[in-house]
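If you read the protein sequences in the order shown, they are chains A and B. Going by our numbering, the first sequence opens with residue 1, and the numbers climb by one from there. Going by our numbering, the second sequence opens with residue 1, and the numbers climb by one from there.
No wet-lab data here; the hints were simulated from the structure.
Partner residues aside, some chain A positions facing chain B, computed with beta carbon under 7 Å:
(1) S100
(2) M104
(3) L189
(4) P194
(5) A195
(6) R201
(7) Q202
(8) V205
(9) L208
Simulated restraints on C-beta separations:
(10) B:P63 <-> A:G172: 26 to 32 Å
(11) A:H154 <-> B:N16: 33 to 39 Å
(12) B:E62 <-> A:E126: 37 to 43 Å
Below 25 Å or equal to it, Euclidean Cα-Cα: the simulated SDA-like pairs (lysine to any residue) are:
(13) A:K66 <-> A:R53
(14) A:K94 <-> B:N16
(15) B:K110 <-> A:A183
(16) B:K71 <-> A:A195
(17) A:K78 <-> A:E88
(18) A:K186 <-> B:A98
(19) A:K66 <-> A:H52
(20) B:K27 <-> A:M104
(21) A:K211 <-> B:T93
(22) B:K27 <-> B:Q115
Just so it is clear, CB atoms sit at the ideal spot from N, CA and C, and this is done for glycine as well.
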Amino acid sequence: MAVAIQQHHDRIAAYLKKKLGADVSLADVIALAEITAQSLQSVFETMDSAVHRELREIAAYIAAMKAEIAGLHFNELKHTRIPAAGQELDAIVKATEAASNTIMECAEAVLAADASDPAFKSMVDEQMLIVFEACSFQDITGQRVAKVIETLKHVEARVARFSDALRTRDTGGFVSEAERASAERKERLLLSGPALDGNDRQSEVDRLLGK
Amino acid sequence: MAVDLSMPILVVDDYNTMIRIIRNLLKQLGFEDIDDANDGSAALNKMRGKRYGLVISDWNMEPMTGYELLKEVRGDPGLSKTPFIMVTAESKTENVIAAKKAGVNNYIVKPFNAQTLRTKIEAVFAE
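Given the sequences, and given the hints that come with them, work out the whole structure.
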């Protein structure tokens, strides 16, 4: 396009040099206008072609991005998989809470019972059976956890493919004010939750406290 | 245990299951006067209405955390001398140091057992 504009300038400059010093007639002005119009036409043609090529590239990029977005199966994730995973986690919390309460009720009943009572032994046996039954939650929650892990892997695979296709880079910031407020609260109040190696931390904590 | 078993104890945790576990462990240790609260602000209200001999608090609660409760307690002249044990899964070094600076008497990492609870309570009252 730069070449076309240069040629346009050259033609006008050549015409003006030819007419330099001479009286300018109406015919000269019309001739200059014709030269200008002809030159600009070629400029616009070049410009049209460049813009058209850029628009075609943008359209192809948008089409590819739409295909990648469709490949995310976002609606399925939003309406089916993620809510289902949330329900599984809720069920896990409820199952573990119910099992804990059942086991504690049994323990409390045994602790409160009179060991000298002839019925004590049979009562303890009965309570222990209830404890065994309550422990079956572990099998079910294990299966629920496996389903949640499967969902996370499903989401991870699609997000990774999408990110690769768009060659995205991570940027800072939060998607909402609520997310920002939650992150700031966690940082301010030192809330990071259980550590994976939390079982071995007591002696280190004692050392830090000087106990 | 050289501890006054009749002293009132306040257990603060947002999980009722955890409160029940600690309450049962304390009963096994011989304590009988045990109250509970589900977050720091509820605990603070109870502490302003009754004098407790010991507070055993979780860290991660809403709206007021155990860490904020500890700082409030230490900043209140009427409550500042109350022995305070943190029982929490927050076990990072920065947490322990922050709790120590705020004036915690002892710190128990979840999950814990009855022996650890007994040892830490004894250590607080041996100081």
